[in-house]
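Those sequence lines, one after another, are chains V and X.
Just so we're aligned: 123 in the numbering used here is position 123 of the first sequence, and the numbers increase by one with no gaps anywhere.
Just so we're aligned: 155 in the numbering used here is position 155 of the second sequence, and the numbers increase by one with no gaps anywhere.
Treat the hints loosely; a few may be bogus.
As the list claims (entries may be wrong) - Quick list of in silico lysine-lysine cross-link-like pairs, DSBU-like style, CA-CA up to 30 Å:
hint : chain 1 : residue 1 : chain 2 : residue 2
1    : V       : Lys-170   : V       : Lys-192
2    : X       : Lys-11    : X       : Lys-191
3    : X       : Lys-88    : V       : Lys-394
4    : X       : Lys-85    : X       : Lys-263
5    : X       : Lys-235   : V       : Lys-170
6    : V       : Lys-192   : X       : Lys-235
7    : V       : Lys-40    : V       : Lys-170
8    : V       : Lys-280   : V       : Lys-40
9    : X       : Lys-263   : X       : Lys-191
10   : X       : Lys-191   : V       : Lys-156
11   : V       : Lys-314   : V       : Lys-394
12   : X       : Lys-85    : X       : Lys-235
13   : X       : Lys-85    : V       : Lys-314
14   : V       : Lys-185   : X       : Lys-235
15   : V       : Lys-192   : X       : Lys-52
16   : X       : Lys-263   : X       : Lys-52
17   : V       : Lys-40    : V       : Lys-394
18   : X       : Lys-52    : X       : Lys-235
19   : X       : Lys-191   : X       : Lys-161
20   : X       : Lys-85    : X       : Lys-52
21   : V       : Lys-314   : V       : Lys-280
22   : V       : Lys-364   : V       : Lys-394
23   : V       : Lys-394   : V       : Lys-170
24   : V       : Lys-314   : V       : Lys-170
25   : V       : Lys-165   : X       : Lys-235
26   : X       : Lys-52    : X       : Lys-88
27   : V       : Lys-364   : V       : Lys-280
28   : V       : Lys-156   : X       : Lys-235
29   : X       : Lys-88    : X       : Lys-263
30   : V       : Lys-156   : X       : Lys-11
Unchecked claim - Which chain X residues face chain V? A few, computed with CB under 7 Å, are given here:
hint : residue
31   : Leu-22
32   : Ala-26
33   : Leu-29
34   : Asn-181
35   : Trp-234
36   : Leu-313
37   : Val-314
38   : Leu-316
39   : Phe-318
40   : Ile-326
If you are wondering where the hints come from, they were derived from the structure by calculation, not from laboratory data.
Yeah, the Cβ is synthetic: ideal placement off N, Cα and C, and Gly gets one too.
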Amino acid sequence: MVAVRPILSALLRNRTGAVLVAIQIAIALAVLVNAVYIVKQRVDRIGRPTGMDTNNILVVSSSGFTRDYDTVGAIRNDLEYIRGVRGVIAATAINSVPLSSAGSARTVSNHPSDNPSDGENGQYIEVDEQGIDALGLRLVAGRNFRAEEIQPPVDKSSTSRFESKIIVTKAIADSLYPGQNAVGKPVFDILKHPATIIGVVERMQAAWPDYTHIDSVFLLPRLPFSYYGAMYYIVRAQPGQRDAVARTLEEHLSASNPNRIIDWIRPLQSFKDRSYGTDKNMEYFLVTVTSVLVAISMLGIFGLATFNVSTRTKQIGTRRAIGARRGDILRYFMVENAMITSTGIAIGCALALGVGYYLSLQYKLPRLDLYYLVGGIPVLWTIGQLAVWQPARKASAVSPSVATRTV
Amino acid sequence: MTGYYMRLAFKSFRRNPGLTALMVGAIALGIAVCVMTMTVFHAMSGNPIWWKGDRLYAVTMDNWDPNDVYDHQHPALAPPMMTYKDSKFLAQSNIPERKVIMYKVNSIVTGGTAEKRPHHVISRATSADFFAMFDIPFEYGSGWVAAADEGPEPVIVISHKENQILFGGGNSVGRNILWNNTQFRIIGVLKEWSPQPKFYDLNNGPFDVPEDAYVPIGWGPSLQLLSAGSSNCWKPEPLDSFEEFMNSDCVWIEMWVELPDAKSRERFQNFMDGYWSDQHAAGRFPRARRNQLTPVGQWLIDQGVVENDNRVLVGLSFAFLAVCLINTVGLLLAKFLNGAAITGVRRALGASRRQVFHQHLVEVGVLASIGAVLGLILSAVGLGLVHALYASARFGEPGGFQELTHFDTASVIWAVILAIVATLVAGLYPAWRIGRLPPAVYLKSQ
Numbered sequence: 001m002v003a004v005r006p007i008l009s010a011l012l013r014n015r016t017g018a019v020l021v022a023i024q025i026a027i028a029l030a031v032l033v034n035a036v037y038i039v040k041q042r043v044d045r046i047g048r049p050t051g052m053d054t055n056n057i058l059v060v061s062s063s064g065f066t067r068d069y070d071t072v073g074a075i076r077n078d079l080e081y082i083r084g085v086r087g088v089i090a091a092t093a094i095n096s097v098p099l100s101s102a103g104s105a106r107t108v109s110n111h112p113s114d115n116p117s118d119g120e121n122g123q124y125i126e127v128d129e130q131g132i133d134a135l136g137l138r139l140v141a142g143r144n145f146r147a148e149e150i151q152p153p154v155d156k157s158s159t160s161r162f163e164s165k166i167i168v169t170k171a172i173a174d175s176l177y178p179g180q181n182a183v184g185k186p187v188f189d190i191l192k193h194p195a196t197i198i199g200v201v202e203r204m205q206a207a208w209p210d211y212t213h214i215d216s217v218f219l220l221p222r223l224p225f226s227y228y229g230a231m232y233y234i235v236r237a238q239p240g241q242r243d244a245v246a247r248t249l250e251e252h253l254s255a256s257n258p259n260r261i262i263d264w265i266r267p268l269q270s271f272k273d274r275s276y277g278t279d280k281n282m283e284y285f286l287v288t289v290t291s292v293l294v295a296i297s298m299l300g301i302f303g304l305a306t307f308n309v310s311t312r313t314k315q316i317g318t319r320r321a322i323g324a325r326r327g328d329i330l331r332y333f334m335v336e337n338a339m340i341t342s343t344g345i346a347i348g349c350a351l352a353l354g355v356g357y358y359l360s361l362q363y364k365l366p367r368l369d370l371y372y373l374v375g376g377i378p379v380l381w382t383i384g385q386l387a388v389w390q391p392a393r394k395a396s397a398v399s400p401s402v403a404t405r406t407v
Numbered sequence: 001m002t003g004y005y006m007r008l009a010f011k012s013f014r015r016n017p018g019l020t021a022l023m024v025g026a027i028a029l030g031i032a033v034c035v036m037t038m039t040v041f042h043a044m045s046g047n048p049i050w051w052k053g054d055r056l057y058a059v060t061m062d063n064w065d066p067n068d069v070y071d072h073q074h075p076a077l078a079p080p081m082m083t084y085k086d087s088k089f090l091a092q093s094n095i096p097e098r099k100v101i102m103y104k105v106n107s108i109v110t111g112g113t114a115e116k117r118p119h120h121v122i123s124r125a126t127s128a129d130f131f132a133m134f135d136i137p138f139e140y141g142s143g144w145v146a147a148a149d150e151g152p153e154p155v156i157v158i159s160h161k162e163n164q165i166l167f168g169g170g171n172s173v174g175r176n177i178l179w180n181n182t183q184f185r186i187i188g189v190l191k192e193w194s195p196q197p198k199f200y201d202l203n204n205g206p207f208d209v210p211e212d213a214y215v216p217i218g219w220g221p222s223l224q225l226l227s228a229g230s231s232n233c234w235k236p237e238p239l240d241s242f243e244e245f246m247n248s249d250c251v252w253i254e255m256w257v258e259l260p261d262a263k264s265r266e267r268f269q270n271f272m273d274g275y276w277s278d279q280h281a282a283g284r285f286p287r288a289r290r291n292q293l294t295p296v297g298q299w300l301i302d303q304g305v306v307e308n309d310n311r312v313l314v315g316l317s318f319a320f321l322a323v324c325l326i327n328t329v330g331l332l333l334a335k336f337l338n339g340a341a342i343t344g345v346r347r348a349l350g351a352s353r354r355q356v357f358h359q360h361l362v363e364v365g366v367l368a369s370i371g372a373v374l375g376l377i378l379s380a381v382g383l384g385l386v387h388a389l390y391a392s393a394r395f396g397e398p399g400g401f402q403e404l405t406h407f408d409t410a411s412v413i414w415a416v417i418l419a420i421v422a423t424l425v426a427g428l429y430p431a432w433r434i435g436r437l438p439p440a441v442y443l444k445s446q
């Protein structure tokens, strides 16, 4: 058994170094625990299921620019071509790019209401009969749109038109008709236009990461109106074919119609990456800085211990000469470190909770989960022990004969 | 004397190269991380038109849903944009020295001598005062006069970048281009101008870059151009024609006024309140009165330009720096005390406590300076990496956080400040401790 008292009294005699290490451990624990907690939340946020086959989808942006540009004709021709390209599973025209942080939302209600905030707010997506397949959505009830149900685009004189048949996500269905089968049930827009739910898809994530109704989307069976000049195609390729399909489309579409420009063809995933860019960056930064911080603390403990060992060589030699075994010397440094680290961890727990509480109060982050703190303690403790291991070994290797030599 | 101390410092570094490298590395990393976050934070929290901080006001009125607030996070604020009809009415007032109503529109531009292909250009339909009000510098030509707003006259101002694309950078004033299928005459070319944050329109990302073409506001209704920025509606009202949209309670116009003094500010506030009362009596503005004139600085705060993430990162980086410095204090202390014998000799030979303190502080200063220089290099590399990360996420298009990740003078200033802080924090205590050692003890043990 190691005698703790002599180590403690030696420590108290020479406090400063120990106090500094303890403070470092405390800060490292507070930062580590909170950083890991924040990173975990971001990973969860980015990992929320989109409901779409994000990896295999291409988005094409097309802008007609002549005065009497034939949108409907262009869409028909383009889709006919795209659907014939090898490796394409399905394609649809669409009014906005999913997951891109841009799009339009409307409120739908289960009864005609005078209160515009009564009901469920959702992003609305205009697609045709291949929309569900092109997006890779999973229909869980009812049916898909039929080709003959696809309506012409709205124009400036009919912007508020609603369609008589819609498909909703399960989130909307559950909100409007909890516990019931929503298929066949009516919904109303804020102008009290009615529609019937003909199908329910399991999930489709709305365009805005911070949107409170993240899974609230409804699909309307119509061609998109290029209000802002541009409209889009969603093209779903067979696994592994995405980039090859993109090259084929790029070549053909740019040349096929002189009255429009193909702005770009990009993978859907890239829009998701952009929408979640700040989360991703926060992850990178937190992970990097926290790892470096822990590494620096470790190096600091190691450096200090190495230094102490080298200045105490003579004392260690003397101890060895009067009977201490190698293991005793090794244990002395390990226990000393354990005592300092434990003190640091005790302070660090308070600090971590304080920081977590401050973050939750000030920045509305969720309160620190205690499991993270419990998990952080052995990590820091191990790091302290690892850092001091090599210097302690070196100390234990000091020969007793050192004591007999003069300096 | 300081020069001599510096020589001593380098001698001392050579005695423990590993330890010195560890200390310099720790200081460098600590400074690098802080410089990075502070550079971004500084760019983010800046007021790009501070010299007009007490003259420019964003104009907003709360026309929102009686049952629902516009922004749940900030219930005391009016929507950040105006309806077309309200902004149009308020812009008739002669009280402000300058006033502007505007919105972002999409356009396709054809023409020019260098680039013949039609291409997308993000444009802004705005009023004549826009350029003078925001002190926008011209490379060639000028803006338009107020009369051109109403006509509207087919005149256009293009950005430096767009002039490069269309005309290879030459003086293009007087040339014609096709803008959304209408012929426009170029009357002005801007110099490079990109205020960050983009205070006058924060609705589409606060770090967006300015538009590349500007046309008189009258072209909005005349060509029936919808907003390419955000437009928000709450009211159940049919919007089946452009006229209905213009008369709706949808908000999509940014409005700013320049009010030179408190008196004009008060007069304009009264004018707004009067308009509000008339409209309220007629059944509009169902919510409480929020006719707000917000100066730029407050506007940037209200609109939450600085994100919480960045505040957290600044806090984290200073915690990191603290650990690095505490680390250094510990190592320095051990090192100085180990060299106590030498110091003892110097003290015995007549060096005063102050001189010993001075000598050791110089040593730390040199250490911190090397650390700061290394840290500066590291932060430049780090910012470059972050920039590349953001740029690739935006497909190489400008705007977004990448605009904030430029290594600049602010970075250098922060590095200098932090080097001084590092010297003082890391060096004061060890230098003081070593200065107070009784020399005799150390001489004896020799």
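We went through each hint and held it up to the structure:
Between V/Lys-170 and V/Lys-192 the CA atoms are separated by roughly 22 Å; this keeps the pair inside 30 Å, and the hint holds. Simply put, X/Lys-11 and X/Lys-191 have alpha-carbon atoms about 53 Å apart, too far for the 30 Å limit, and the pair is violated. Under the criterion of a C-alpha separation no larger than 30 Å, the hint pairing X/Lys-88 with V/Lys-394 is inconsistent with the structure, at around 81 Å. Annotation: proposed proximity of X/Lys-85 to X/Lys-263 holds, straight-line Cα distance about 26 Å (limit 30 Å).
For the proposed pair X/Lys-235 and V/Lys-170, the alpha carbon gap of about 27 Å is at most 30 Å, so the pair holds. With a C-alpha separation of about 12 Å, the suggested pair V/Lys-192 and X/Lys-235 falls inside the 30 Å cut-off, and the hint holds. Between V/Lys-40 and V/Lys-170 the CA atoms are separated by roughly 27 Å; this keeps the pair inside 30 Å, and the hint holds. Taking the CA atoms of V/Lys-280 and V/Lys-40, the gap is about 11 Å. The hint holds against a cut of 30 Å.
Between X/Lys-263 and X/Lys-191 the CA atoms are separated by roughly 34 Å; this puts the pair beyond 30 Å, and the hint is violated. Between X/Lys-191 and V/Lys-156, the direct Cα distance comes to roughly 37 Å. Violation of the 30 Å bound is thereby established for this hinted pair. Distance hint between V/Lys-314 and V/Lys-394 is fulfilled; the C-alpha atoms sit about 13 Å from each other, no more than 30 Å. Only pairs whose Cα atoms come within 30 Å are accepted, and X/Lys-85 paired with X/Lys-235 is accepted, the gap being roughly 15 Å.
The suggested pairing of X/Lys-85 with V/Lys-314 is violated, with an alpha-carbon distance near 88 Å, which exceeds 30 Å. A C-alpha spacing of about 25 Å is found between V/Lys-185 and X/Lys-235, which places the hinted pair at or below 30 Å, so the restraint holds. Restraint check for V/Lys-192 and X/Lys-52: not satisfied, since their Cα atoms lie roughly 48 Å apart, outside the 30 Å limit. For a cut-off of 30 Å, the pair hint linking X/Lys-263 to X/Lys-52 stands: about 17 Å separates their Cα positions.
For the proposed pair V/Lys-40 and V/Lys-394, the alpha carbon gap of about 39 Å is over 30 Å, so the pair is violated. Proposed proximity of X/Lys-52 and X/Lys-235 is contradicted: the alpha carbons are some 36 Å apart, above 30 Å. Simply put, X/Lys-191 and X/Lys-161 have alpha-carbon atoms about 9 Å apart, close enough for the 30 Å limit, and the pair holds. Restraint check for X/Lys-85 and X/Lys-52: satisfied, since their Cα atoms lie roughly 27 Å apart, inside the 30 Å limit.
At most 30 Å may separate the alpha-carbon atoms for a hinted pair to count; V/Lys-314 and V/Lys-280 exceed this at roughly 53 Å. At roughly 49 Å between alpha-carbon atoms, V/Lys-364 and V/Lys-394 are farther apart than 30 Å, so this suggested pair is violated. Between V/Lys-394 and V/Lys-170 the CA atoms are separated by roughly 65 Å; this puts the pair beyond 30 Å, and the hint is violated. Proximity of V/Lys-314 to V/Lys-170 is assessed by CA-CA distance (about 75 Å); at most 30 Å being required, the pair is judged violated.
A hinted pair counts as satisfied when its Cα atoms are at most 30 Å apart, and V/Lys-165 with X/Lys-235 qualifies at roughly 23 Å. Between the alpha carbons of X/Lys-52 and X/Lys-88 the distance comes to roughly 24 Å, so the proposed pair stays at or under 30 Å and holds. Annotation: proposed proximity of V/Lys-364 to V/Lys-280 holds, straight-line Cα distance about 19 Å (limit 30 Å). At roughly 18 Å between alpha-carbon atoms, V/Lys-156 and X/Lys-235 fall within 30 Å of each other, so this suggested pair holds.
Only pairs whose Cα atoms come within 30 Å are accepted, and X/Lys-88 paired with X/Lys-263 is accepted, the gap being roughly 23 Å. A C-alpha spacing of about 80 Å is found between V/Lys-156 and X/Lys-11, which places the hinted pair above 30 Å, so the restraint is violated. Satisfaction of the interface hint for X/Leu-22 is found here, the shortest Cβ-Cβ separation to chain V being roughly 5 Å, below the 7 Å cut-off. Among the interface hints, the one on X/Ala-26 holds; its C-beta lies about 5 Å from the nearest C-beta in chain V, closer than the 7 Å criterion.
Here the hint on X/Leu-29 is kept, as its CB sits about 6 Å from the closest CB of chain V, short of 7 Å. Hint on X/Asn-181 holds. Least Cβ distance to chain V is approximately 5 Å, under the 7 Å limit. Here the hint on X/Trp-234 is kept, as its CB sits about 6 Å from the closest CB of chain V, short of 7 Å. A least Cβ separation of about 6 Å between X/Leu-313 and chain V falls short of the 7 Å threshold, and the interface hint therefore holds.
Of the supplied interface hints, the one on X/Val-314 is violated, with its beta-carbon coming no nearer than about 11 Å to a beta-carbon of chain V, more than 7 Å. Hint status for X/Leu-316: holds, given a least beta-carbon distance of 6 Å to chain V, under 7 Å. Because the beta carbon of X/Phe-318 sits about 10 Å from the nearest beta carbon in chain V, more than 7 Å, this interface hint is broken. About 5 Å separates the beta-carbon of X/Ile-326 from the nearest beta-carbon of chain V, less than 7 Å, and the hint is met.
In terms of the numbered hints stated before, the structure departs from hints 2, 3, 9, 10, 13, 15, 17, 18, 21, 22, 23, 24, 30, 37 and 39, listed from lowest to highest.
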